[in-house]
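> Chains E and B, in that order, give the protein sequences.
First residue of the first sequence? That's 69 in our numbering, and the numbers climb one at a time after it.
First residue of the second sequence? That's 69 in our numbering, and the numbers climb one at a time after it.
Treat each hint with caution, since some may be false.
Remember, identical chains collapse to one label, so a pair may be satisfied in a single copy or spanning two.
Unchecked claim - Calculated lysine to any residue pairs in the SDA-like style (CA-CA distance at most 25 Å, straight line):
| # | residue 1 | residue 2 |
| --- | --- | --- |
| 1 | K131 | G203 |
| 2 | K235 | L112 |
| 3 | K171 | N237 |
| 4 | K83 | H391 |
| 5 | K131 | Q205 |
| 6 | K370 | A390 |
| 7 | K186 | D361 |
| 8 | K110 | E374 |
| 9 | K320 | T98 |
| 10 | K235 | T184 |
| 11 | K110 | L321 |
| 12 | K320 | L111 |
| 13 | K171 | D115 |
| 14 | K393 | F84 |
| 15 | K83 | I240 |
| 16 | K131 | R404 |
| 17 | K371 | T90 |
| 18 | K171 | L343 |
| 19 | K83 | V332 |
| 20 | K110 | F145 |
| 21 | K131 | L117 |
It should be emphasised that the hints constitute simulated quantities derived from the structure, not laboratory data.
Protein chains: 2
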Amino acid sequence: MLESIKMELQCPMPKFDFDMITLGHGSGGTLTSQLLESGALKLLQNDLLDQKHDGAIFNLSGKVAMSTDTFVVTPVFFPGGNIGDLAVNGTINDLAMCGATAKYLSLAFVLEEGLTMKEFWQILLSIKSACELAGVQVVTGDTKVVERGKGDKIFINTTGIGPVLTKTNIAIQQVVPGDKIILSGPLARHGIAVMSLRQGLQFETTITSDTRPLNGIVSALLNEFGEQVHLLRDPTRGGLATVLNEIARDTKLGIDVVQKSIPVEEEVYGACEMLGLDPLYVANEGLFVAIVDKNIGDDFLKKLQEWEHGEMSAIIGEVVDAHPKQVLMQSSIGGRRVVNMLAGEQLPRIC
Amino acid sequence: MLESIKMELQCPMPKFDFDMITLGHGSGGTLTSQLLESGALKLLQNDLLDQKHDGAIFNLSGKVAMSTDTFVVTPVFFPGGNIGDLAVNGTINDLAMCGATAKYLSLAFVLEEGLTMKEFWQILLSIKSACELAGVQVVTGDTKVVERGKGDKIFINTTGIGPVLTKTNIAIQQVVPGDKIILSGPLARHGIAVMSLRQGLQFETTITSDTRPLNGIVSALLNEFGEQVHLLRDPTRGGLATVLNEIARDTKLGIDVVQKSIPVEEEVYGACEMLGLDPLYVANEGLFVAIVDKNIGDDFLKKLQEWEHGEMSAIIGEVVDAHPKQVLMQSSIGGRRVVNMLAGEQLPRIC
Numbered sequence: 069m070l071e072s073i074k075m076e077l078q079c080p081m082p083k084f085d086f087d088m089i090t091l092g093h094g095s096g097g098t099l100t101s102q103l104l105e106s107g108a109l110k111l112l113q114n115d116l117l118d119q120k121h122d123g124a125i126f127n128l129s130g131k132v133a134m135s136t137d138t139f140v141v142t143p144v145f146f147p148g149g150n151i152g153d154l155a156v157n158g159t160i161n162d163l164a165m166c167g168a169t170a171k172y173l174s175l176a177f178v179l180e181e182g183l184t185m186k187e188f189w190q191i192l193l194s195i196k197s198a199c200e201l202a203g204v205q206v207v208t209g210d211t212k213v214v215e216r217g218k219g220d221k222i223f224i225n226t227t228g229i230g231p232v233l234t235k236t237n238i239a240i241q242q243v244v245p246g247d248k249i250i251l252s253g254p255l256a257r258h259g260i261a262v263m264s265l266r267q268g269l270q271f272e273t274t275i276t277s278d279t280r281p282l283n284g285i286v287s288a289l290l291n292e293f294g295e296q297v298h299l300l301r302d303p304t305r306g307g308l309a310t311v312l313n314e315i316a317r318d319t320k321l322g323i324d325v326v327q328k329s330i331p332v333e334e335e336v337y338g339a340c341e342m343l344g345l346d347p348l349y350v351a352n353e354g355l356f357v358a359i360v361d362k363n364i365g366d367d368f369l370k371k372l373q374e375w376e377h378g379e380m381s382a383i384i385g386e387v388v389d390a391h392p393k394q395v396l397m398q399s400s401i402g403g404r405r406v407v408n409m410l411a412g413e414q415l416p417r418i419c
Numbered sequence: 069m070l071e072s073i074k075m076e077l078q079c080p081m082p083k084f085d086f087d088m089i090t091l092g093h094g095s096g097g098t099l100t101s102q103l104l105e106s107g108a109l110k111l112l113q114n115d116l117l118d119q120k121h122d123g124a125i126f127n128l129s130g131k132v133a134m135s136t137d138t139f140v141v142t143p144v145f146f147p148g149g150n151i152g153d154l155a156v157n158g159t160i161n162d163l164a165m166c167g168a169t170a171k172y173l174s175l176a177f178v179l180e181e182g183l184t185m186k187e188f189w190q191i192l193l194s195i196k197s198a199c200e201l202a203g204v205q206v207v208t209g210d211t212k213v214v215e216r217g218k219g220d221k222i223f224i225n226t227t228g229i230g231p232v233l234t235k236t237n238i239a240i241q242q243v244v245p246g247d248k249i250i251l252s253g254p255l256a257r258h259g260i261a262v263m264s265l266r267q268g269l270q271f272e273t274t275i276t277s278d279t280r281p282l283n284g285i286v287s288a289l290l291n292e293f294g295e296q297v298h299l300l301r302d303p304t305r306g307g308l309a310t311v312l313n314e315i316a317r318d319t320k321l322g323i324d325v326v327q328k329s330i331p332v333e334e335e336v337y338g339a340c341e342m343l344g345l346d347p348l349y350v351a352n353e354g355l356f357v358a359i360v361d362k363n364i365g366d367d368f369l370k371k372l373q374e375w376e377h378g379e380m381s382a383i384i385g386e387v388v389d390a391h392p393k394q395v396l397m398q399s400s401i402g403g404r405r406v407v408n409m410l411a412g413e414q415l416p417r418i419c
């Protein structure tokens, strides 16, 4: 928060000819040019972006990962972040889940006619802050404008590329029975932060999104534990329940989790109850699930708990031979129940 | 056209539970999973996409180019193509303009609730055909769904990466006075094909979009002429006039073009007159402008004219020391006039 305030002071909004985005800003002509030259290109300036070609040219060698995500979250600004930092962190984290460190990002906007320049500038500032925090560069981009009522303020696509850390082998085939399942922090903050702002919901909370880059902590863990880390996944859309089901489906193994081990903050739990939502299905943006060799479970957890956002991380269960393709949860009151993948839609446009 | 009909016969639409896209298809849960498993993932199947991770992992070495583009064209289907092949070709061509051969693509959809499965399937088939024609693979993707009235059927982002051809040095700094300016074919087909379908325009034409991959011909030309090719640009949004102005602005040199050398088909010219459009500002999707050393101008043109779409290619002008940052055109009736960059908006959502 402090970081973004500081950034805003250093980067006052340039004087644009218009107060809001017009169709002309998507024409590819002079208005597009002005918007980019005084706006995004200047703010996100780096040598590669400065090439101002149809693409960026750089050197890469060896094993790399590439990931893409379009962000359509509504509202665009929410407690703890906005669509700008969310879009940067989201792709950085998808790469981290591949064992890769994001290095270069592309950035593509679909702007709705009428988006105010002030809002666009705030989003650009968040993009800049998020890139600096995570050590990535925006190297190429695109801006399109659609008529009022044919979009929703702003959609952002980020696509990232970066080298895969050596001595890692993160793949679904690495998962074996006995592996420990570790969750890096408390569930459901992002989804609840966004829902708290959605039209029609009047309750007030102090819950903020958990959007943050995970590349730093993931690199540190992979450097220490190497191939003993078998799989990483971030429980975004569909939540923890969906990610665990995907792992069970794709490994054809069973998954056992213990409800009381799964960290959920009290205030988040209360908000979920009020909204009739199960935190297992609510989206997160700064969490990951690690499936690790059973012999390193405790050491991995210890290291994770030393991380500034890892205090509540926990071993929440394990991979088993029994009940293949199924996720079973031992509930707090003693019984065991099947946890299914999210069916239908719970929280549209959460990311 | 034959190609895509053949493809459709080989790939009948799978049976989906719904006739159209619902919000649940964007949830990240079971509906998303079904849509992808039976749809895009199956159709576009390849080893990298099959990793089904948060990203794709592959090897790259040396100098590569990366480019991104979001496509918001309306209508989604137009004479000669649809948003699917346009999105694949567009990014392939941006990479070709960097002297690179597209190898891997990411593919990200923003679908509007209510898009029919039949339309989505047709678009996926075009994506597959375009990828096969150009020899590229979709290796990772994303699907989001927005409510009715918050999007417009479908927006597609493609981001591509591929190796830069050796022995090339395409950069704005390479352009020098005396260089020849070559256009690869006749102007304005894409823009006019789309406009012919837009609401309220009743005239009928047989003009089809020129959307096509340029990687093959560009590779052949670069392999033959190497560093004597100084710059490549594709005149999409903003048209030829905008691209020439960008080159003049960024090189701080002048550009002279001769109107009667610029190829425009008669039917396209007629349609432009009827619509009050100047073909110099109309978007193209299968053309490029090459700025080449003056000594190879004729040989470059000869090679280009042997290409199946290059029959009408022509030397349209040259780079000059005089009138820096300005594009001057010798008109068909004798005088010279300044050609400016596109101001405002001429054809919204053309790509």
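> Does each hint hold? Answer for all of them.
Hint-by-hint comparison with the structure:
1. In this homomeric assembly, K131 and G203 come within 25 Å of each other (Cα to Cα) both inside a single copy, at 19 Å, and across copies, at 21 Å.
2. Neither within a single protomer nor between protomers do K235 and L112 lie at most 25 Å apart by alpha-carbon distance, with minima of 33 Å and 30 Å respectively.
3. With identical chains, the CA atoms of K171 and N237 are at most 25 Å apart both within one copy (20 Å) and between copies (24 Å).
4. For a Cα distance limit of 25 Å, the shortest separation of K83 from H391 qualifies neither inside one copy, at 62 Å, nor across copies, at 29 Å.
5. Taking the shortest alpha-carbon separations for K131 and Q205, both the intra-copy value of 19 Å and the inter-copy value of 17 Å come in at or below 25 Å.
6. Taking identical chains as interchangeable, the C-alpha atoms of K370 and A390 are never at most 25 Å apart, the minima being 28 Å within one chain and 69 Å between chains.
7. For the homomeric pair K186 and D361, neither the shortest alpha-carbon distance inside one copy (49 Å) nor that between copies (45 Å) is at most 25 Å.
8. Neither within a single protomer nor between protomers do K110 and E374 lie at most 25 Å apart by alpha-carbon distance, with minima of 37 Å and 42 Å respectively.
9. Taking the shortest Cα distances, K320 and T98 sit within 25 Å of each other only across copies (17 Å), while inside one copy they are farther apart (56 Å).
10. Proximity of K235 to T184 under the C-alpha cut-off of 25 Å is found in neither arrangement, the shortest distances being 47 Å within a copy and 46 Å between copies.
11. For a Cα distance limit of 25 Å, the shortest separation of K110 from L321 across copies, 23 Å, qualifies, whereas the shortest one inside one copy, 50 Å, does not.
12. Taking the shortest alpha-carbon separations for K320 and L111, only the inter-copy value of 23 Å comes in at or below 25 Å, while the best intra-copy value is 48 Å.
13. Taking CA atoms no more than 25 Å apart as the test, K171 paired with D115 passes in both settings, with 14 Å inside one copy and 24 Å between copies.
14. When the C-alpha separation of K393 and F84 is checked against a cutoff of 25 Å, the pair qualifies only between copies, where the shortest distance is 23 Å, while the shortest distance within a copy is 55 Å.
15. When the C-alpha separation of K83 and I240 is checked against a cutoff of 25 Å, the pair qualifies neither within a copy, at 51 Å, nor between copies, at 28 Å.
16. For a Cα distance limit of 25 Å, the shortest separation of K131 from R404 qualifies neither inside one copy, at 42 Å, nor across copies, at 54 Å.
17. Taking the shortest alpha-carbon separations for K371 and T90, neither the intra-copy value of 50 Å nor the inter-copy value of 42 Å comes in at or below 25 Å.
18. In this assembly of identical chains, the alpha carbons of K171 and L343 never lie at most 25 Å apart, being 39 Å within a copy and 46 Å across copies at closest.
19. Taking the closest pair of Cα atoms, K83 and V332 never come within 25 Å of each other, the shortest separation being 45 Å inside a single copy and 39 Å across copies.
20. For a Cα distance limit of 25 Å, the shortest separation of K110 from F145 inside one copy, 23 Å, qualifies, whereas the shortest one across copies, 36 Å, does not.
21. Proximity of K131 and L117 under a CA criterion of 25 Å is satisfied in both settings, with 24 Å inside one chain copy and 16 Å between copies.
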